[in-house]
Amino acid sequence: MSAPLLASALQDAAAIALPGAGLASVDAARAAARAMLSTREHLVDARAEAWRYTSLRALEAQALPHARRGVAAIDTACLPVTHGARLVFVDGCFDAASSRLDGLPAGVSCKPLEALDARDWAAHPVLLQVASGADALAPLNLALASAGVLLEVADGVHVEAPLDVIYASSLGMPVAWHARSAIRLGKGARLTLREWHLGTGSGLATVQSHVRLDEDARLDLVQQQEAPAALSLLRRDVFNLAARAQLRLHMLELGAALSQHALVVELGGIEAQAELRQAVALAHRQHADLGLDLRHAVGRTRSDVRCRAVVTGRARAVLQGAITIAAGADGSDAALSTQNLLLSDQAEIDARPVMEIHADEVRAAHGASVGQLDSAMLFYLRARGLPEAAARALLTGAHCRAVLDDIAHEGLRAAAQQALESCIAALG
Amino acid sequence: MSETTLEVRPPTPEAVANALGRRYEAGFVTDIETESLPPGLDENVVRAISARKHEPAWMTDWRLAAFRHWRTMPVPHWAKLRIEPIDFQAISYYAAPKHRPKSLAEVDPKLLETYDKLGVPLHERARLAGVAVDAVFDSVSVGTTFREELKRAGVIFCSMSEALREHPELVRQYLGSVVPTGDNYFAALNSAVFSDGSFVFVPRGVRCPMELSTYFRINAMNTGQFERTLIVCEEGAVVSYLEGCTAPMRDENQLHAAVVELVALDDASIKYSTVQNWYPGDENGVGGIYNFVTKRGECRGARSKISWTQVETGSAITWKYPSCVLRGDDSVGEFHSVALTHHHQQADTGTKMIHIGRNTKSKIVSKGISAGQGQNSYRGLVRVERGASGARNHTQCDSLLIGKRCGAHTFPSIEVKNPGAIVEHEATTSKISDEQLFYCRARGIAEEDAVSMIVDGFCRQVFRELPMEFAVEAKKLLDVSLEGAVG
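Protein chains in written order, with the working numbering: chain A, 124 to 551; chain B, 20 to 506.
Don't take each hint at face value.
[Said to hold, decoys possible] Stretch by stretch, here's where chain A covers chain B in the computed footprint (C-beta under 8 Å, at least three residues):
#1 72-82
#2 420-429
[Stated by the list, open to error] Not the full set, but computed from the structure, chain A residues with beta-carbon under 10 Å of chain B:
#3 His165
#4 Asp168
#5 Thr177
#6 Ser178
#7 Arg242
#8 Ala277
#9 Gly279
#10 Val280
#11 Glu283
#12 Ile472
#13 Arg475
#14 Glu479
#15 Glu484
#16 Val485
#17 Gly494
FYI, nobody ran anything at the bench for these hints, they're computed from the structure.
Because the structure is a prediction, the values reported are computed rather than measured.
Where is the CB? At the ideal position from N, CA and C, for every residue including glycine.
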């Protein structure tokens with residue numbers, strides 16, 4: 124018997140008109156996803172290693188209606204003030220009034236799911252694909268995705284100003300919404316993008332995206348997760364990098380009751396590079412789990428992963444980071460480090476920095492540490508007249524901020540640092 | 020003055036293969052009359068093993084409970100190992116020499132000759148070596164040396180069968196208290212069918228006057244070896260225990276599923292060293308021992324210490340995680356490991372350090388060497404429980420790759436629930452660098468010797484933890500592996 128969440132999702136999937144409805148390929152893919160979903164009893168296999176530290180049992184016991192059902196009005200008060208181009212989705216619905224797409228340069232195509240035509244769906248099959256054998260999250264997302272973006276940057280186009288994709292939750296009642304996106308940067312293209320989760324709502328959101336970077340492309344992506352405190356946010360991002368492509372990804376994990384982020388990065392072309400940074404600050408009963416699967420498929424690829432977390436209250440931060448260097452991927456260079464501060468008796472840190480190495484001409488190293496604030500540093504600050512709370516906040520902020528300092532865009536960096544500072548100040 | 024040019028190049032794959040082409044010197048078979056149970060496993064076999072050993076009823080019931088539990092358990096697949104399905108009904112679970120000696124003086128000369136060839140002192144050389152040895156041949160212990168000397172010091176060192184007869188209350192108190200019968204698939208199997216092993220009891224305040232050692236030898240075909248070792252150190256007691264093992268070269272994969280339990284009470288210290296040299300299979304991956312071992316020590320007392328040191332060079336497959344449960348305040352756990360995989364060998368090995376008491380400390384040093392098509396995985400868990408304030412752990416995990424087709428993998432897990440804990444993990448993966456070889460070659464050192472020196476240096480941090488005679492043997496084993504010259 125299916126979990127209540129899956130049962131209600133199946134009912135909604137049959138009843139709601141979603142983007143692409145009426146197009147044969149979309150209808151067929153959604154029907155296949157519904158069929159796959161109907162065979163699942165649970166959202167995920169709780170015995171699987173990926174879900175060792177994160178349980179979805181309480182979540183799936185709730186029958187959450189889709190946000191599109193019975194929504195009368197959208198409260199946009201929670202949206203931030205931004206100045207560049209942006210797409211805004213509120214409770215899984217595209218909010219055209221709050222979005223601004225007219226200032227995008229030539230060579231950039233950016234459309235919400237509901238604006239896609241048959242040619243768009245056909246040109247981007249990843250929007251309609253679910254891996255066979257996948258857990259229920261993938262078919263759930265496809266069967267019910269109402270939000271998301273198709274973003275393409277043509278060969279050689281450099282987009283200087285950052286683009287925002289904002290997912291806001293605002294409804295007072297617990298609901299579920301789902302988004303899926305496809306992003307492609309052509310050869311030599313450059314883009315700075317911010318994915319921003321915020322709002323005041325509750326329930327479940329699943330967000331899945333597939334990003335492809337062609338040769339020499341570069342994506343600077345900031346994922347600023349300040350989702351509402353009562354929301355469960357389950358994300359899956361897949362990045363494919365061609366030769367010499369560069370991914371600079373900064374992840375800020377501050378919000379959500381439960382945040383699980385599955386991140387797959389495939390360095391598929393020589394000299395492809397991925398720099399991943401994560402800053403986590405959690406309190407109360409928050410739970411954040413990053414599951415990283417980073418693959419060096421060919422030689423002379425480079426990855427550098429640095430994660431910093433601070434947890435207090437009864438919060439729990441999890442990093443399951445796997446880096447694989449395939450046979451023949453000689454000349455690869457991989458580094459993974461995770462440093463964590465545990466600030467309360469009831470909080471927990473779990474780290475699993477895995478490496479699988481199948482080539483010998485490589486450099487691979489990982490490090491992990493868990494501890495508390497350095498008492499010598501604390502003493503140093505207090506000896507100079509700082510109150511203990513201020514000294515602690517200063518050191519805690521510095522610990523996490525270190526991984527945000529290399530956000531290339533000044534405005535995004537300042538906004539991320541500001542969000543982090545506010546969150547750490549609230550940790551107490 | 021003429022100039023000479025030193026040609027330095029990376030070792031060729033062929034040269035490394037030659038260098039690592041080990042000679043397995045312990046691969047002979049002893050022609051000795053053996054009595055054994057027919058292949059197969061059911062409750063009658065479990066009862067038959069228990070009956071042959073004249074065990075008390077509670078022990079038979081203990082075995083049967085373990086067997087019933089084992090039948091409900093799935094075969095574990097989580098390790099990074101390719102394991103051909105094991106037909107547990109095709110294995111004989113008991114094999115022993117027909118002639119059972121009452122003392123060392125009665126031991127069959129062929130057996131003495133066997134252990135002599137293996138370099139294990141059972142007879143006249145024993146006194147010179149000064150190490151007490153329990154020799155386990157297939158399913159039974161065939162002799163234990165220095166028993167009287169140890170008895171005078173109050174130390175009990177005997178086979179597990181004898182311990183069940185002579186000291187049943189001690190065995191019953193501690194057996195299964197560290198590794199319960201249903202702990203895991205292979206521990207449950209061992210609990211049902213274990214046939215012998217060693218028992219050590221060091222009473223309060225006694226420092227064991229000599230090193231204790233058990234030498235495990237598989238000889239018979241179509242058999243598995245399932246020994247059980249239990250070491251108990253009372254308050255303030257100290258013991259150092261060594262373990263070695265070999266098997267004949269055969270095309271079949273023989274199963275070795277052992278359980279080792281250590282108990283250290285207040286201020287006690289147990290040092291457990293292993294040089295594992297089971298037959299690794301040939302260069303094509305044919306034959307070799309499947310080595311599935313559960314080893315766990317519990318620091319029950321305050322300020323107690325358990326130290327595991329292992330050098331793993333043999334076995335087709337190694338599945339082994341010697342662990343420490345640090346229950347007593349201020350207790351210490353250590354794990355030092357060298358694991359070498361060559362040809363088609365696979366090793367998935369590591370440790371668990373469970374910090375429960377306050378101010379507990381653990382240290383992990385793991386060195387993995389992969390060559391040929393060998394696959395070497397470190398799998399570890401450091402867990403700091405909520406009450407383990409002041410806990411400290413440092414883990415260092417290094418891998419050395421020799422060749423293009425081998426693999427080195429690390430799967431460390433860190434789980435911390437106490438804010439007063441400090442846990443650090445660092446890991447590196449490297450190959451023998453051209454610069455290191457150049458440095459040695461520029462000083463006139465042959466390439467083969469240079470590789471040997473570099474590997475020796477890589478492992479030194481672990482070797483120095485071994486008792487001297489084992490360190491010599493471990494070094495020799497690695498040298499044999501590297502014999503044949505590089506370049």
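- Query: Which of the listed hints are broken here?
  - Reply: Per hint list: 1, 3, 4, 5, 6, 7, 8, 9, 10 and 11 violated.
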